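Sequential numbering from 1 applies to the sequence shown in the numbering used here.
Calculated directly from the structure, the hints in this document are not laboratory data.
All of these numbers come straight from a predicted model, not from anything done at the bench.
Each hint should be verified, as a subset may be incorrect.
Straight-line C-alpha distance at most 27 Å; calculated BS3-like pairs for lysine-lysine [unchecked claim]: (1) K210 with K106; (2) K106 with K241; (3) K135 with K29; (4) K241 with K135.
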Amino acid sequence: MPKTSERPVVLVTGGGTGVGAAAVIQLAKRGYNAVVNYSRSRAEAEATAGVAAGHGADAIALQGNVAENADCCRIVEATVERFGRLDAVVNSAGATQFVPIHELGKQNAEDFQRVYGVNVIGTYQMVRAAAPYLKQSGSGAIVNISSIAGTNGNGSSIAYVASKGALNTLTLTLARLLSPEVRVNCVLPGLIDTRWLPDGLGVETFETVKRNFASMSALDDVCSAEDIADAVTFLVADALKMTGQFLTVDAGFVLGRPARVSK
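Kindly produce the complete structure, drawing on both the sequences and the hints.
Written out as C-alpha coordinates, the structure is:
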(Lines of atoms letter the chains of each structure in order from A and count residues from 1; the text may use other names and numbers.)
(Lines give C-alpha, C1' and ligand atoms only; values in the text may rest on other atoms or scores of the structure.)
Protein backbone atom coordinates (compact mmCIF):
# COMPACT_ATOMS: atom_id res chain seq x y z
CA MET A 1 0.00 0.00 0.00
CA PRO A 2 1.28 3.49 -0.79
CA LYS A 3 2.10 5.85 2.05
CA THR A 4 -0.82 8.25 2.31
CA SER A 5 0.04 11.84 1.54
CA GLU A 6 -0.34 14.24 4.44
CA ARG A 7 -1.30 16.96 2.00
CA PRO A 8 -4.61 16.82 0.13
CA VAL A 9 -4.32 15.72 -3.49
CA VAL A 10 -5.89 17.31 -6.56
CA LEU A 11 -6.13 15.84 -10.06
CA VAL A 12 -6.40 18.48 -12.79
CA THR A 13 -7.31 17.38 -16.30
CA GLY A 14 -5.88 19.55 -19.05
CA GLY A 15 -3.45 20.69 -16.38
CA GLY A 16 -0.46 21.44 -18.56
CA THR A 17 -1.63 24.74 -20.01
CA GLY A 18 -4.03 27.62 -19.51
CA VAL A 19 -6.59 27.47 -16.73
CA GLY A 20 -5.59 23.96 -15.74
CA ALA A 21 -1.95 24.91 -15.23
CA ALA A 22 -2.89 28.03 -13.28
CA ALA A 23 -5.17 25.95 -11.04
CA VAL A 24 -2.41 23.42 -10.35
CA ILE A 25 -0.04 26.17 -9.29
CA GLN A 26 -2.54 28.04 -7.12
CA LEU A 27 -3.66 24.86 -5.37
CA ALA A 28 -0.03 23.89 -4.80
CA LYS A 29 0.39 27.22 -3.02
CA ARG A 30 -2.62 26.28 -0.88
CA GLY A 31 -1.00 23.04 0.24
CA TYR A 32 -2.19 20.49 -2.33
CA ASN A 33 -0.15 17.81 -4.02
CA ALA A 34 -1.10 17.58 -7.67
CA VAL A 35 -1.50 15.29 -10.65
CA VAL A 36 -1.18 17.24 -13.88
CA ASN A 37 -3.07 15.35 -16.57
CA TYR A 38 -2.34 16.15 -20.21
CA SER A 39 -3.24 14.71 -23.58
CA ARG A 40 -0.52 16.11 -25.88
CA SER A 41 1.26 18.90 -23.98
CA ARG A 42 3.87 16.79 -22.18
CA ALA A 43 6.57 19.45 -21.92
CA GLU A 44 4.12 22.02 -20.58
CA ALA A 45 2.60 19.56 -18.10
CA GLU A 46 6.01 18.62 -16.75
CA ALA A 47 6.91 22.29 -16.48
CA THR A 48 3.69 22.97 -14.57
CA ALA A 49 4.46 20.11 -12.20
CA GLY A 50 7.90 21.62 -11.70
CA VAL A 51 6.47 25.00 -10.79
CA ALA A 52 4.06 23.33 -8.35
CA ALA A 53 6.99 21.49 -6.79
CA GLY A 54 8.67 24.85 -6.28
CA HIS A 55 5.73 25.76 -4.07
CA GLY A 56 6.16 22.66 -1.92
CA ALA A 57 3.91 20.25 -3.78
CA ASP A 58 4.65 16.69 -4.74
CA ALA A 59 3.44 16.97 -8.34
CA ILE A 60 3.53 14.57 -11.27
CA ALA A 61 2.43 14.75 -14.91
CA LEU A 62 0.30 11.90 -16.28
CA GLN A 63 -0.68 11.48 -19.93
CA GLY A 64 -4.19 10.43 -20.84
CA ASN A 65 -7.16 11.32 -23.01
CA VAL A 66 -10.24 11.87 -20.86
CA ALA A 67 -12.44 10.86 -23.80
CA GLU A 68 -11.12 7.31 -23.25
CA ASN A 69 -12.59 5.62 -20.19
CA ALA A 70 -9.56 3.34 -19.76
CA ASP A 71 -7.33 6.40 -19.54
CA CYS A 72 -9.53 7.99 -16.87
CA CYS A 73 -9.41 4.82 -14.78
CA ARG A 74 -5.65 4.50 -15.24
CA ILE A 75 -4.99 8.11 -14.25
CA VAL A 76 -7.08 7.83 -11.08
CA GLU A 77 -5.50 4.54 -10.08
CA ALA A 78 -2.00 5.95 -10.68
CA THR A 79 -2.91 8.94 -8.52
CA VAL A 80 -4.05 6.78 -5.63
CA GLU A 81 -1.05 4.47 -6.06
CA ARG A 82 1.27 7.45 -5.77
CA PHE A 83 -0.43 9.43 -3.01
CA GLY A 84 -2.79 7.03 -1.24
CA ARG A 85 -5.69 9.48 -1.56
CA LEU A 86 -7.60 11.77 -3.90
CA ASP A 87 -9.42 14.81 -2.54
CA ALA A 88 -10.34 16.97 -5.51
CA VAL A 89 -10.76 16.81 -9.28
CA VAL A 90 -10.69 19.84 -11.56
CA ASN A 91 -12.10 19.01 -15.00
CA SER A 92 -10.30 21.58 -17.14
CA ALA A 93 -9.67 19.52 -20.28
CA GLY A 94 -11.67 20.95 -23.15
CA ALA A 95 -12.15 20.70 -26.90
CA THR A 96 -13.83 22.75 -29.59
CA GLN A 97 -13.97 23.29 -33.32
CA PHE A 98 -13.73 26.89 -34.49
CA VAL A 99 -16.76 27.26 -36.74
CA PRO A 100 -18.84 30.48 -36.75
CA ILE A 101 -22.22 29.97 -35.12
CA HIS A 102 -24.12 31.24 -38.15
CA GLU A 103 -22.63 28.53 -40.39
CA LEU A 104 -25.18 25.91 -39.41
CA GLY A 105 -24.10 23.33 -41.97
CA LYS A 106 -20.40 23.32 -41.12
CA GLN A 107 -20.52 20.76 -38.27
CA ASN A 108 -21.56 17.12 -38.51
CA ALA A 109 -22.25 14.32 -36.06
CA GLU A 110 -18.58 13.36 -35.83
CA ASP A 111 -17.68 16.95 -34.88
CA PHE A 112 -20.26 16.92 -32.10
CA GLN A 113 -19.10 13.52 -30.87
CA ARG A 114 -15.48 14.64 -30.67
CA VAL A 115 -16.30 17.80 -28.71
CA TYR A 116 -18.78 16.02 -26.43
CA GLY A 117 -16.28 13.21 -25.95
CA VAL A 118 -13.95 15.53 -24.08
CA ASN A 119 -16.21 18.22 -22.62
CA VAL A 120 -19.08 16.06 -21.37
CA ILE A 121 -18.28 12.34 -21.57
CA GLY A 122 -14.69 12.91 -20.45
CA THR A 123 -15.86 14.79 -17.39
CA TYR A 124 -18.39 12.08 -16.57
CA GLN A 125 -15.84 9.30 -16.97
CA MET A 126 -13.23 11.04 -14.82
CA VAL A 127 -15.74 11.73 -12.07
CA ARG A 128 -17.01 8.16 -12.18
CA ALA A 129 -13.49 6.81 -11.78
CA ALA A 130 -12.61 9.23 -9.00
CA ALA A 131 -15.86 9.18 -7.02
CA PRO A 132 -15.05 6.30 -4.63
CA TYR A 133 -11.83 8.00 -3.52
CA LEU A 134 -13.37 11.45 -3.32
CA LYS A 135 -16.08 10.05 -1.05
CA GLN A 136 -13.38 8.61 1.22
CA SER A 137 -11.65 11.99 1.48
CA GLY A 138 -14.03 13.54 3.96
CA SER A 139 -13.89 16.80 2.02
CA GLY A 140 -14.16 15.74 -1.62
CA ALA A 141 -14.56 18.44 -4.25
CA ILE A 142 -15.10 18.54 -8.00
CA VAL A 143 -14.89 21.70 -10.10
CA ASN A 144 -15.93 21.62 -13.74
CA ILE A 145 -14.75 24.31 -16.14
CA SER A 146 -17.69 25.28 -18.32
CA SER A 147 -18.29 28.60 -20.12
CA ILE A 148 -20.81 31.39 -20.38
CA ALA A 149 -21.34 29.88 -23.84
CA GLY A 150 -23.39 27.18 -22.13
CA THR A 151 -25.90 29.75 -20.90
CA ASN A 152 -25.92 32.46 -23.58
CA GLY A 153 -25.75 30.15 -26.63
CA ASN A 154 -22.79 31.90 -28.27
CA GLY A 155 -19.25 30.63 -28.64
CA SER A 156 -16.61 29.09 -30.87
CA SER A 157 -19.02 26.57 -32.43
CA ILE A 158 -22.48 25.11 -31.98
CA ALA A 159 -21.01 21.83 -30.74
CA TYR A 160 -18.99 23.68 -28.11
CA VAL A 161 -21.97 25.74 -26.93
CA ALA A 162 -24.18 22.67 -26.68
CA SER A 163 -21.50 20.69 -24.86
CA LYS A 164 -21.09 23.37 -22.21
CA GLY A 165 -24.86 23.48 -21.66
CA ALA A 166 -24.76 19.72 -21.18
CA LEU A 167 -21.82 20.05 -18.79
CA ASN A 168 -23.82 22.49 -16.68
CA THR A 169 -26.67 20.00 -16.39
CA LEU A 170 -24.21 17.20 -15.63
CA THR A 171 -22.80 19.34 -12.81
CA LEU A 172 -26.22 19.54 -11.17
CA THR A 173 -26.79 15.80 -11.50
CA LEU A 174 -23.40 14.94 -10.03
CA ALA A 175 -23.86 17.42 -7.18
CA ARG A 176 -27.05 15.63 -6.15
CA LEU A 177 -25.69 12.16 -6.74
CA LEU A 178 -22.43 12.56 -4.83
CA SER A 179 -23.78 14.54 -1.87
CA PRO A 180 -23.17 14.78 1.00
CA GLU A 181 -19.61 13.45 0.75
CA VAL A 182 -18.53 15.36 -2.36
CA ARG A 183 -19.22 18.93 -3.45
CA VAL A 184 -19.60 19.55 -7.20
CA ASN A 185 -19.48 23.08 -8.60
CA CYS A 186 -18.80 24.76 -11.91
CA VAL A 187 -16.93 27.84 -13.14
CA LEU A 188 -18.32 29.70 -16.15
CA PRO A 189 -15.55 31.81 -17.67
CA GLY A 190 -16.02 34.45 -20.29
CA LEU A 191 -13.23 35.15 -22.77
CA ILE A 192 -9.87 34.04 -21.36
CA ASP A 193 -6.61 35.49 -22.65
CA THR A 194 -4.65 32.27 -23.15
CA ARG A 195 -3.04 30.68 -26.19
CA TRP A 196 -6.12 28.54 -26.95
CA LEU A 197 -8.12 31.20 -28.76
CA PRO A 198 -5.22 32.77 -30.72
CA ASP A 199 -4.25 29.27 -31.85
CA GLY A 200 -7.79 28.59 -33.04
CA LEU A 201 -8.79 31.98 -34.41
CA GLY A 202 -5.46 33.42 -35.45
CA VAL A 203 -3.72 36.19 -33.52
CA GLU A 204 -5.21 39.11 -35.46
CA THR A 205 -8.78 37.84 -35.21
CA PHE A 206 -8.33 37.04 -31.54
CA GLU A 207 -7.11 40.56 -30.76
CA THR A 208 -10.21 41.98 -32.44
CA VAL A 209 -12.49 39.60 -30.54
CA LYS A 210 -10.73 40.44 -27.28
CA ARG A 211 -11.15 44.20 -27.79
CA ASN A 212 -14.81 43.78 -28.63
CA PHE A 213 -15.43 41.53 -25.63
CA ALA A 214 -13.74 44.00 -23.27
CA SER A 215 -15.67 46.92 -24.74
CA MET A 216 -18.96 45.19 -23.89
CA SER A 217 -17.89 44.12 -20.37
CA ALA A 218 -18.68 46.12 -17.25
CA LEU A 219 -15.03 45.95 -16.14
CA ASP A 220 -13.68 46.86 -19.59
CA ASP A 221 -11.41 43.82 -19.54
CA VAL A 222 -11.10 40.09 -20.19
CA CYS A 223 -9.95 37.34 -17.85
CA SER A 224 -6.59 35.65 -17.44
CA ALA A 225 -6.08 31.99 -16.64
CA GLU A 226 -5.15 33.06 -13.12
CA ASP A 227 -8.49 34.85 -12.69
CA ILE A 228 -10.32 31.61 -13.42
CA ALA A 229 -7.94 29.64 -11.21
CA ASP A 230 -8.82 31.98 -8.33
CA ALA A 231 -12.43 30.83 -8.63
CA VAL A 232 -11.40 27.19 -8.95
CA THR A 233 -9.24 27.41 -5.84
CA PHE A 234 -12.07 29.01 -3.88
CA LEU A 235 -14.49 26.24 -4.86
CA VAL A 236 -11.99 23.47 -4.11
CA ALA A 237 -10.51 24.73 -0.86
CA ASP A 238 -12.85 27.28 0.72
CA ALA A 239 -16.47 26.92 -0.41
CA LEU A 240 -17.28 24.13 2.00
CA LYS A 241 -21.04 24.83 2.00
CA MET A 242 -21.44 25.25 -1.77
CA THR A 243 -22.51 22.53 -4.15
CA GLY A 244 -24.39 22.50 -7.44
CA GLN A 245 -23.45 26.13 -8.04
CA PHE A 246 -22.26 28.08 -11.10
CA LEU A 247 -19.69 30.81 -10.59
CA THR A 248 -19.46 33.21 -13.52
CA VAL A 249 -16.07 34.91 -14.01
CA ASP A 250 -16.32 37.07 -17.13
CA ALA A 251 -15.19 40.62 -16.26
CA GLY A 252 -18.86 41.61 -16.30
CA PHE A 253 -19.59 40.61 -19.89
CA VAL A 254 -22.98 39.06 -19.12
CA LEU A 255 -23.86 42.05 -16.94
CA GLY A 256 -22.86 44.47 -19.67
CA ARG A 257 -22.47 48.21 -19.52
CA PRO A 258 -25.14 50.76 -18.57
CA ALA A 259 -27.28 52.09 -21.35
CA ARG A 260 -26.24 55.51 -22.57
CA VAL A 261 -29.14 57.92 -22.82
CA SER A 262 -28.66 60.80 -25.21
CA LYS A 263 -29.80 64.18 -23.99
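How the hints compare with the structure:
| no. | hint | verdict |
| --- | --- | --- |
| 1 | K210 with K106 | holds, 24 Å |
| 2 | K106 with K241 | violated, 43 Å |
| 3 | K135 with K29 | holds, 24 Å |
| 4 | K241 with K135 | holds, 16 Å |
In summary, the structure is inconsistent with hint 2 from the numbered list given earlier, while agreeing with all the others.
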